[in-house]
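Visitor: Based on the sequences and whatever the hints tell you, model everything.
Below are the chains, spelled out letter by letter.
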Amino acid sequence: MRQLLSGNEACAIGAIRAGVRFFAGYPITPSTEIAEYLARELPRVGGTFIQMEDEIGSICCMNGATAAGLKAMTATSGPGFSLMQEGIGYSVMAELPCIIVNVMRGGPATGTPTRTSQADVMQARYGTHGDHPIVALCPWSVRECFDLTVEAVNISERLRIPVIVLMDEIVGHMREVVELPEEVKLWQPAKPKPVREEYYHYDDTNNYDAAIASFGEGYRIHLTGLTHRKDGFPTDEPEIIKWNLDRLRAKIEDNRSWLWDLDYQDLGSETVIVCYGSAARSAMEAKHQVELKTGRRIGILRLRMLWPFPSQRLIGLLRSARRVIVPEMNQGQLYREVERTVNLNVSVVSVQRYDGEMLTPEEIVAAI
Amino acid sequence: MIDITQDRFLNFFRLDERFPHILCPGCGIGTIMGTMVRAFLDLGISQDELCVISGIGCSSRVPGYLDCDTFHTLHGRALPAATGVKLAKPELKVVVIGGDGDIMAIGGNHFIHTARRNLDITVIVVNNFTYGMTGGQYSPTTPTHEKASTAPFGNVERSFDVCFIAKAAGAMFVARSTTFHVAHLKKMIELALNKKGFSVVEVISQCPTFYGRYQGIGDAVKMLEWLKSRSVDVSKVPDPWQVKDRFVIGVLHDQQEVPPYTELYQSVRERARE
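From first to last, the protein sequence lines stand for chains A and B.
For the first sequence, the residue numbers in this note's numbering are 1 to 368.
For the second sequence, the residue numbers in this note's numbering are 1001 to 1274.
Hints are supplied without guarantee of correctness; some may be wrong.
For lysine to any residue, the following SDA-like pairs were computed, each having C-alpha atoms within a straight-line distance of at most 25 Å [unchecked claim]:
id: 1; chain 1: A; residue 1: 242; chain 2: B; residue 2: 1034
id: 2; chain 1: B; residue 1: 1196; chain 2: A; residue 2: 242
id: 3; chain 1: A; residue 1: 230; chain 2: B; residue 2: 1018
id: 4; chain 1: B; residue 1: 1093; chain 2: A; residue 2: 195
id: 5; chain 1: A; residue 1: 191; chain 2: A; residue 2: 175
id: 6; chain 1: B; residue 1: 1244; chain 2: B; residue 2: 1213
id: 7; chain 1: A; residue 1: 230; chain 2: B; residue 2: 1020
id: 8; chain 1: B; residue 1: 1195; chain 2: A; residue 2: 193
id: 9; chain 1: A; residue 1: 191; chain 2: B; residue 2: 1048
id: 10; chain 1: B; residue 1: 1187; chain 2: B; residue 2: 1008
id: 11; chain 1: B; residue 1: 1093; chain 2: A; residue 2: 51
id: 12; chain 1: A; residue 1: 230; chain 2: B; residue 2: 1011
id: 13; chain 1: B; residue 1: 1196; chain 2: A; residue 2: 53
id: 14; chain 1: B; residue 1: 1196; chain 2: A; residue 2: 69
id: 15; chain 1: B; residue 1: 1228; chain 2: B; residue 2: 1034
id: 16; chain 1: B; residue 1: 1195; chain 2: B; residue 2: 1256
id: 17; chain 1: A; residue 1: 193; chain 2: B; residue 2: 1016
id: 18; chain 1: A; residue 1: 230; chain 2: B; residue 2: 1244
id: 19; chain 1: A; residue 1: 230; chain 2: B; residue 2: 1017
id: 20; chain 1: B; residue 1: 1093; chain 2: A; residue 2: 53
id: 21; chain 1: B; residue 1: 1093; chain 2: A; residue 2: 214
Since the hints were made in silico from the structure, they are not lab data.
As the structure is a prediction and not an experimental result, all values here were calculated from the model.
Guide: What follows is the structure, given as structure tokens:
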């Protein structure tokens, strides 16, 4: 069925198709349509929607539902995302899979709630206290809001981690005609749940791709935000502190090969645009304009996953590039990641726009 | 009363590696933990249908010692986490335990809103008038003028009445007891556990290490005597909400039950499907 949908709606539909049955959130522009859609649709499929007193309550409530075995999600924007950082740290430490959608708007502080921005790229990566990796996906179209939400659910379940979906206001509010699949491929644990006596919630064998126990299943599990042993109980022994942080890092490091998600065209070209989100739409148009006018090919490399940053893949893919353009709706947050990844003889150009307006193809053409 | 054998009592704890506990000698939290477990046993609450949830602080370490599903969450965030657990698995008995700093300060907003929503959760607020884990700072329940490590010249803030706020925010059942009145405390916890909807038991507890020392009350025994002499039963006072210099103990509020959130949300699901 072809439908005219916004990115926010497609994201909410993706969540339901991926089996999300719990949403706890707090109203915030420009993400509120996700909450509104799920407030209507989740009870129809036996799920639960709750509007909490703030974003801290929202993420902690979601962590509770996840610990009790539901696939859960929340959606927010910059200031709310900041309030959630404490709880995201808890999701990481207690290894609770969940989805946090951040429809980015301009900041800092209340900033420009109704205008677009890509200024939370670094907040997504480093916003939480402590030392740990994170996974953040970044759609550029209405269809991708659906696809990457489904993908986020699968990644979070497989790796037992929170996954961030970074949309920007344009992607969230933009409407496109799409045809969404009724059935989506969902990750199912291959292993059955182990017997209680042999079960350790944080055993090395169940760091990822494992069947995990929840509250109410007779396992009598203990979850804590303290550094814990494999049985979940707190410790401050140096070797276990390190084991714990290595375990969190291994979730990402061991799975980089299938995690990395990017899309590219004409990478043999001398000039390549590295882009993401709605700025990638302008980049695509800029590529066509330059190619039409000058006849020379322009490469494009679009990141669908910003974190973990695909450094090794970029080194390979940008082998023949001499000039890399990084257009962003911020003051060059991902530009620095690209700059420190590519060879010294490649010039990396940051194209920035941070006045709340969309980055235009003409601005990127001027940089090319 | 059902006779609780020592075996049944000990089986409720994670005895293998979790003891000795981290509490100071003379702390009241152990009394509360033991009394709570005796209440669970007397009411026949199974370890496999119970989830005990806490935030951060001395009393928030209690769940780690209990052999059931336990959830040691972030500072102040036990109630939103408990809300998530209860909504996901309404069949679980959900009990929250936390201190005056955890539940009334950093978690104060969550406390009033969870009461307002009427989640079917029992909250045990261990009120020792101080932040014990961090070394004796003043809390929202520290009386005015009293000294604390962060109020060396006396506390200028007014203090919260935990029970009054719980009642005002919409709790179905509110009671107060102390660590001196153990049989009374057990009765209050049992009444709270049996009440459908949001129920609160405030337990005045001794912290000899910090509060007792800062106020010059003395050691644990002196503090228990202090709790005894300062307490008055609710039946002995004309208006429990007007008593300022005593701990009024007993059932302070017990209203006719209204459907808890989980039942109301089930009707939302039915309306949504029509």
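Visitor: Of the numbered hints stated previously, which ones are contradicted by the structure, given in increasing order?
Guide: 1, 2, 5, 8 and 18
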